[in-house]
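Undergrad: Here is how the chains run, residue by residue.
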Amino acid sequence: MKKESGFLAQFKDGIITNNPVFVQLLGTCPSLATTTNATNALGMGLSVVLVLMCSNFFISLLRKYIPSQIRIASYIVIISGFVSALELLIKAYLPSLSNSLGLFIPLIVVNCIILARAEAFASKNKVLPSVIDGLSMGLGFTFALVILGSIREIIGAGTVFGIQVFGSWYEPAVLFIMPPGAFITLGIVIALVQKLQARRKKYVEEQEYEKRRLEREAGIWK
Amino acid sequence: MNISNKINMEIDKRISNKKQENFKYYVKISLTLLLISALTAGLLAFVNSITKDKIASNELAVMENALSSMFDGCDGIKVVDGEYETPVVAVYEVYGKGEVLGYGVQTNPVGFKAEIGIIVGVDRKGSCVGVEITSISDTPGVGTKVQDKSFLSGFSGLNGESVSEYDTISGATVSSRAVKKGVEAALNLDLFKNNASDGAGEGGVR
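Protein sequences, first through last, are from chains A and B. The numbering of the first sequence is the numbering used here, which starts it at 49 and goes up by one. The numbering of the second sequence is the numbering used here, which starts it at 66 and goes up by one.
No lab work stands behind these hints: they were computed from the structure. Yeah, the Cβ is synthetic: ideal placement off N, Cα and C, and Gly gets one too. Be careful, since some hints might not be right.
To be verified - Dumping the calculated DSBU-like pairs for lysine-lysine here, alpha-carbon to alpha-carbon at most 30 Å: (1) K174(A) - K89(B); (2) K78(B) - K89(B); (3) K259(A) - K249(A); (4) K139(A) - K143(B).
What the hints assert, rightly or not - Label-pair distances were calculated between CB atoms; the ranges are: (5) N147(A) - K84(B): 54 to 60 Å; (6) L73(A) - I72(B): 54 to 60 Å; (7) R248(A) - L125(B): 54 to 60 Å.
If we strip away everything but chain B, and leave its shape as in the complex, we get:
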């Protein structure tokens, strides 16, 4: 065996050693990252399991509070299952002494900056009994004018058709138009049209 062969063998050996070290190194960093991610995921799963029910009941409580101020004698609400077109998110039945008093509709129309959270109370004939705003991030003092009592209470008594005549607020056109759009969408749900044609009388389809 001559010298150059020996040198070549030595070089080969070193390269393969280096490759092995590299491989070990990559395995090590991947495993470390995997372990950290797994631990973090575990923490999140744990926190989620604690807070999940509380978060759901918080959302329901906001709804129930708003609706009980709109309907006299409201003593419970229940989700109505179904798919709704935007901006309507969810529909709740409002109960009082075992009877359905009306409905609460959660709508999220897009305002000036982001979605405005609105709860619309609708009676069994399909006319509006109250509007409440749960979240708004529009310009303070300008877009937030839509939270004024005088604007919101004006919706009461309107139905799916007459709401389109309702005046928006000058100076807060975008925000108030968004609120109006949300209320309009809530009042025009198919659910109420069916109820109205059951012979509920005034306020129904004319």
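Bound-form chain A, shown alone:
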């Protein structure tokens, strides 16, 4: 039971409280560039999930055999191996996705989320928690990308996942599909997340203050 709650905590950490894009601000480049529509964002996110799980698995498995002086080089070789394999598979079985993501699939190699998780988690933890960490961080990345992609697609094209949302009266604001729209959307979403987190923190602090005040009063009355 205790183990399960540990995994749940990992998921919550990866997707919400420590979201790689909105909170850790890692991997900003692909999250700006590949979120022109929700489908691309989902494709990119799931590719990262796959690479992150595979690389975390192998790095955690080999963590005792890789000397610390060459660990970064080894991690990069392992990660780039998986990314290249994934690129070939996507080209073969999902050619339309490979067309729309283009260069950003090979660029997953230098995506800092993957190296960060390898260095900060997989190289210090057992295999199973590392794979779960890869999954949860990857899902957090996917979640963030799909939110950004959906917002940009709805405003910039009037569709989401290619399905028409607004009627023909809607004149799409093309700016939102272009790079400036990416920055504007990411900025607003990060601001919202920060606001929500600050409010949550304030709420927790107030609760604690209230508790202490009650305790103090109770002490006086004694």
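Since chain A is already given, all that's left is putting chain B on it; use the hints.
TA: Relative to the frame of chain A, chain B by itself:
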């Protein structure tokens, strides 16, 4: 043997030990890195062997789809071997009932951001029967205007000379000029000039 000699010998021994340890260490890290790289290369070779044919047939399928919508009765295509000047990448013969109906030319002219993938259908007399865009990464809503039917269908019937008169799209000048350049390069291939002078009649060299 005096004391200082003994101390010197001891120091020498320790240094050589240290050197040996260093050497062992370097061998160890090199071998580890070599092993990891070799395993990764093995994985890639394996994935490549699975996906190679599929990727090649995907590219051919895109070509075949585009060409069969341009040529009525197209039932197969075949690569024409040869070296072509940029932006022409490849030339395919289009077959229908065993006869050559025309040609499909793959060109990749440089657009506003990156290369635009274009397939040009050319009949045996050297005039254009259709243009299709397979990949474009120009500005959405601006450069992508070149994908409009009205622009692309205007190329039909033009030949290597008359295509230079074709109007580009205002507001998408760079992208549409790139498409026009690609079509022009395709229509002006030596292959078609030879065919036209065989006495194919109108649409040939005037």
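Undergrad: For the pair we were handed, K139(A) and K143(B), check the Cα-Cα distance against 30 Å.
TA: 22 Å, holds
Undergrad: Per the hint of 54 to 60 Å, is the separation of the Cβ atoms of L73(A) and I72(B) within bounds?
TA: Between L73(A) and I72(B), where Cβ atoms are some 58 Å apart, the hint holds.
Undergrad: Would you mind confirming whether the straight-line C-alpha gap from K259(A) to K249(A) stays at or under 30 Å?
TA: Within the cut-off at roughly 15 Å; holds.
Undergrad: Verify the CB-CB distance for N147(A) and K84(B) against the hinted window 54 to 60 Å.
TA: 56 Å, holds
Undergrad: For the pair supplied as a hint, K78(B) and K89(B), is the alpha-carbon distance within the 30 Å limit?
TA: Cα-Cα ~17 Å, so holds.
Undergrad: Regarding R248(A) and L125(B), is the given constraint of 54 to 60 Å on their beta-carbon distance met?
TA: About 55 Å separates the Cβ atoms of R248(A) and L125(B), which means 54 to 60 Å holds.
Undergrad: Does the structure keep K174(A) and K89(B) at a Cα separation of 30 Å or less?
TA: 28 Å, holds
Of the numbered hints stated above, none is contradicted by the structure.
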